[in-house]
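Visitor: Sequence:
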Amino acid sequence: MNASEEHVARSADKPQPHPHGESGLSPLVSVSIMTPPILSAPSKVFGEPLNPGEFPDDMHPPENFAMVCPYIYRSGMPKKRNYPFLKKLKLKSILTLILEEYPHQNQTFLSNNGIRLFQFGVAGNKEPFADIPEDVMCEALVTLMDRRNHPILIHCNKGKHRTGCLVGCLRKLQEWSNTSIFDEYRRYSAPKSRPMDQQFIELFDVRPVLLKIDYGHLPRWPTISDSAPFVKRHGIELGGDNNGSDEADTNR
137 MNASEEHVAR
147 SADKPQPHPH
157 GESGLSPLVS
167 VSIMTPPILS
177 APSKVFGEPL
187 NPGEFPDDMH
197 PPENFAMVCP
207 YIYRSGMPKK
217 RNYPFLKKLK
227 LKSILTLILE
237 EYPHQNQTFL
247 SNNGIRLFQF
257 GVAGNKEPFA
267 DIPEDVMCEA
277 LVTLMDRRNH
287 PILIHCNKGK
297 HRTGCLVGCL
307 RKLQEWSNTS
317 IFDEYRRYSA
327 PKSRPMDQQF
337 IELFDVRPVL
347 LKIDYGHLPR
357 WPTISDSAPF
367 VKRHGIELGG
377 DNNGSDEADT
387 NR
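Under the numbering used here, think of the first position of the sequence shown as 137, with each following residue one higher.
With a cut-off of at most 30 angstroms between alpha-carbon atoms, the simulated DSS-like pairs for lysine-lysine come out as follows:
{"id": "1", "residue 1": "K294", "residue 2": "K226"}
{"id": "2", "residue 1": "K328", "residue 2": "K215"}
{"id": "3", "residue 1": "K308", "residue 2": "K348"}
{"id": "4", "residue 1": "K294", "residue 2": "K215"}
{"id": "5", "residue 1": "K226", "residue 2": "K308"}
{"id": "6", "residue 1": "K294", "residue 2": "K216"}
{"id": "7", "residue 1": "K308", "residue 2": "K328"}
{"id": "8", "residue 1": "K216", "residue 2": "K226"}
{"id": "9", "residue 1": "K216", "residue 2": "K328"}
{"id": "10", "residue 1": "K226", "residue 2": "K215"}
{"id": "11", "residue 1": "K348", "residue 2": "K226"}
{"id": "12", "residue 1": "K223", "residue 2": "K294"}
{"id": "13", "residue 1": "K294", "residue 2": "K348"}
{"id": "14", "residue 1": "K308", "residue 2": "K294"}
{"id": "15", "residue 1": "K328", "residue 2": "K294"}
{"id": "16", "residue 1": "K224", "residue 2": "K294"}
Simulated restraints on C-beta separations:
{"id": "17", "residue 1": "E237", "residue 2": "K328", "range": "19 to 27 angstroms"}
{"id": "18", "residue 1": "E236", "residue 2": "R369", "range": "34 to 42 angstroms"}
{"id": "19", "residue 1": "S316", "residue 2": "R356", "range": "14 to 22 angstroms"}
{"id": "20", "residue 1": "D194", "residue 2": "E338", "range": "40 to 48 angstroms"}
{"id": "21", "residue 1": "R217", "residue 2": "Q335", "range": "33 to 41 angstroms"}
{"id": "22", "residue 1": "P239", "residue 2": "P358", "range": "35 to 43 angstroms"}
{"id": "23", "residue 1": "V272", "residue 2": "D319", "range": "20 to 28 angstroms"}
{"id": "24", "residue 1": "V272", "residue 2": "R369", "range": "21 to 29 angstroms"}
These aren't lab readings, by the way, just hints derived from the structure by calculation. We put the beta carbon where it would ideally sit given N, CA and C, even for glycine.
Use the sequences and the hints to build the structure in full.
Guide: Right under this line is the structure:
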């Protein structure tokens, strides 16, 4: 599939208290509000990896990089050669699923660029069976579903299995069919797709996520743009006005 040039302009956010500031998940640095970007890079259908050869010689996307949906990206572990490319994304946050301490040079890059780090350590779901903690996955999804954290990059080491599980659970919230979710998962995990990952995605209960997300700051995605019908489809009743929005976030 040929790439096309896509220019995305977004409005600046107002400074906001971050909802996870007292959650016990210590951020690497505070979020700083930056000038809204004009992003110019080849784009493909969501969920399809980009070919590094499509970028200029000085732009190297991380392994398995792709756009998941507007303002959410996925990849393997960023390396130093990827920093110029990541700067073009004007990231506000990075969400990592690795258990180990975050690499020091990446910490320095985040600090120098005002990028907040969310770390939700998850072990790889290999055979013999190793549980992926659903509560950790739930907290990661709550973070992804808050547009004040966008643009955000999700990654593990290779951008395949753990990242694939998180994206698969996000697709459930976006009301994708299981067939489409698993097709996307296998595009990244092949030739070593893990049946336990796919089982985890299939059985993952989105209702705890729906009880925790901030409905005033949901992304502007078609399936959840009106939050009340969205949660009712999952058997949850919301009390009060949960459809609030920020004037500064109207195009996300």
